[in-house]
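**Student:** Residues per chain are reported as follows:
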Amino acid sequence: MSRIKVDGSARFRLDALGLSVGTHIEVLGHSLFHSGVLISFCGVRLGMRKKIAEAVEVSL
Amino acid sequence: MNIVLAGNPNAGKTTLFNALTGSNLRTGNFHGVTTTAAKKRVKRDGDAFDYFDVPGMYAFKPYSMEEQAAIDEIKSADLIVNVVDALTLESSLNLTRAIIASGKKVAVYLTKVETLKKRGGFVDEKALAAHLGAPVYICPPKKLKKILEGGSLPDVKRDKTPLNKAYYGGNLSVSRIDKLFYNRFFALAAFVVLVVAMFFFAFHPLMPGAYFKGLCEELICVKLCGAITGNLQNEAVISLVEEGIFGGVGSVLCFIPQLFVLYLFLTVLDESGIMSALAFTTDGLFEKVKLSGRAAFSLVSGFGCTAAAILTTRGYSAPAAQRRTVAVLPFIPCGAKLPVFLTFLSPLFKNPFPAITVFYFVGVLVAIAASALIRGGSEGMLSEVTPIILPQAKAVAIKLCFHIKGFIIKVASVVAVFCVASWFLAHFSFSFKFVQPDESMLAAISRLLTPLFKPMGLGDWRLAYAALCGFIAKENVAATYLMLMPEGFVLGRGAALAMCTFMLFCPACVSALSASVKEVGAKFTFKCAAIQLLLAFASGYLVYFCYENIFGFIG
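Sequences listed follow chains A and B, in order.
Heads up: the first sequence is residues 1165 to 1224, going by our numbering.
Heads up: the second sequence is residues 28 to 582, going by our numbering.
Simulated from the structure, these hints should not be mistaken for laboratory data.
Just to be clear, a hint being listed does not mean it is correct.
To be verified - BS3-like, lysine-lysine: derived pairs with alpha carbons at most 25 angstroms apart: (1) LYS66/B x LYS145/B; (2) LYS315/B x LYS1214/A; (3) LYS172/B x LYS153/B; (4) LYS170/B x LYS67/B; (5) LYS88/B x LYS1214/A; (6) LYS173/B x LYS67/B; (7) LYS1215/A x LYS315/B; (8) LYS1215/A x LYS206/B; (9) LYS1169/A x LYS88/B; (10) LYS437/B x LYS545/B; (11) LYS421/B x LYS432/B; (12) LYS88/B x LYS1215/A; (13) LYS315/B x LYS66/B; (14) LYS169/B x LYS70/B; (15) LYS170/B x LYS131/B; (16) LYS1214/A x LYS206/B; (17) LYS187/B x LYS206/B; (18) LYS66/B x LYS172/B; (19) LYS145/B x LYS192/B; (20) LYS67/B x LYS437/B; (21) LYS250/B x LYS437/B.
What the hints assert, rightly or not - Simulated coverage check for chain A against chain B, where a stretch passes if three residues somewhere in it have a Cβ under 8 angstroms from a Cβ of chain B: (22) 1194-1201; (23) 1208-1214.
Even for Gly, the Cβ is constructed at its ideal location relative to N, Cα and C.
Can you make the complete structure from the sequences, with help from the hints?
**Tutor:** Here is the structure:
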């Protein structure tokens, strides 16, 4: 995770789950019509919509 | 003393609450099962302890309505038991630290520690307690209860113990079966196959559901009824027992074997985590109709009970999405509609399984399509997905018993009272003389409503009355029909299909309506109910017309 450009209650939830800059994430899958992505980090599996996912930058 | 069980969703708060208080609240292996706070008082040596089970939360800044409910309860707590899932301990501790910082008395209780050990992880209670500055417990619920009610929580000083000395998460890789269910095509296809298999086992004449139903009918409605009425002399009492009690209530109780299959399927979905994976993978489909994957959970819950499904919508972050889901939930055939479909379709089809399956799928499709037509904003998705696990047989058995017990209690109370009252009205005239049903008070009143049902082929007053009974409880439809028509089935195929279509689309029962009023307000609830009623009549007329004028010639 290199940058998180999410605001509001979604940002609070990501912070509360421990997703922050520097966290190592793994992409597990996508939902139908690629509307969302499922990621894994620190034992947590988090599904998020495309709108939020696009606001999160990752470096490979 | 107020003891609040707080923690992240799916940490095991409700399971712990049930163990501490002897309750039987609903649990499941996905996030968002508990949507309202529950309270139970326990007394010990003269002291009263009020335990509170609250919805899961991640932080003191709420993302959804249910999180706000949790935060409100925590404010009144004397002691907070922070239930933490050992499998996701690192992220869970963000909430733990926030709760400790609130200044309230806190005890941390770890769950799923055995599973953590199986994947190679470990957790040291004392080191973790020192890291957090709060007591940490890994013990059976009984022991925790003694500690909490004994008033002997130790003060633990926080020191510089690093977290990695107290905890190691083990092998965090995703299992093959999880990866399979996270595949967007597999999850949906697997769900459809499971649903069809459920209907097959429940409704196919050669399968256990139908076999045991027949057995129940023979034992209850024939042998037991015969044994009791054989000792009676009074004509009115014999009629009450045969038609009112066994014909109505007894007949509905005979559906228990098939309901058992339905609830078994729903319980396995709940406990295994498949529901959570389905909610994520179908999110793309629900996004098209302005909902989120969370709606999958509400819709599947609707297969059991519409009122319970309505309560699950509290986890939505957008009120408009909640309203939309509540509006479409009555289209999902609930468990109470199952006896109705079976009563009207079984006599017409040697194998009612395909017909009933079609009705269930039509209900789901109409619910999804209706969602797209309702105005308002949409719901986003940002939620945890749980791992797939093999459900524990004990947990499944307890939940099944709870569902079946609830059904029996409802039939033995609401339906029984309704059947007896209906029997009385159907066998006595306005001058309170014992008469034939066609001369009764009920016949006179119901004939006023019969013109509404005649275009569906339901010109008999008894059918009109049975259809309307569903507004109290859907089980009443089958019960009153079987009670008022002891001579057996008289409907043609078109009329039976029209009746089932009417029941599929008609508004939910009183329990679901009152849950809906509580969640989304009376005005919206009754507006939706009026539209559903019009749709129910219109579709019933259409089905009957089409069958009699088009398909009847073919079939």
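**Student:** For every hint, state whether the structure bears it out.
**Tutor:** Going down the list of hints, with the structure as the test:
no.	hint	in the structure
1	LYS66/B x LYS145/B	34 angstroms, violated
2	LYS315/B x LYS1214/A	13 angstroms, holds
3	LYS172/B x LYS153/B	19 angstroms, holds
4	LYS170/B x LYS67/B	18 angstroms, holds
5	LYS88/B x LYS1214/A	23 angstroms, holds
6	LYS173/B x LYS67/B	16 angstroms, holds
7	LYS1215/A x LYS315/B	14 angstroms, holds
8	LYS1215/A x LYS206/B	23 angstroms, holds
9	LYS1169/A x LYS88/B	19 angstroms, holds
10	LYS437/B x LYS545/B	21 angstroms, holds
11	LYS421/B x LYS432/B	16 angstroms, holds
12	LYS88/B x LYS1215/A	21 angstroms, holds
13	LYS315/B x LYS66/B	38 angstroms, violated
14	LYS169/B x LYS70/B	14 angstroms, holds
15	LYS170/B x LYS131/B	22 angstroms, holds
16	LYS1214/A x LYS206/B	20 angstroms, holds
17	LYS187/B x LYS206/B	39 angstroms, violated
18	LYS66/B x LYS172/B	16 angstroms, holds
19	LYS145/B x LYS192/B	19 angstroms, holds
20	LYS67/B x LYS437/B	23 angstroms, holds
21	LYS250/B x LYS437/B	24 angstroms, holds
22	1194-1201	holds (count 7)
23	1208-1214	holds (count 6)
The earlier numbered hints that this structure contradicts are 1, 13, 17.
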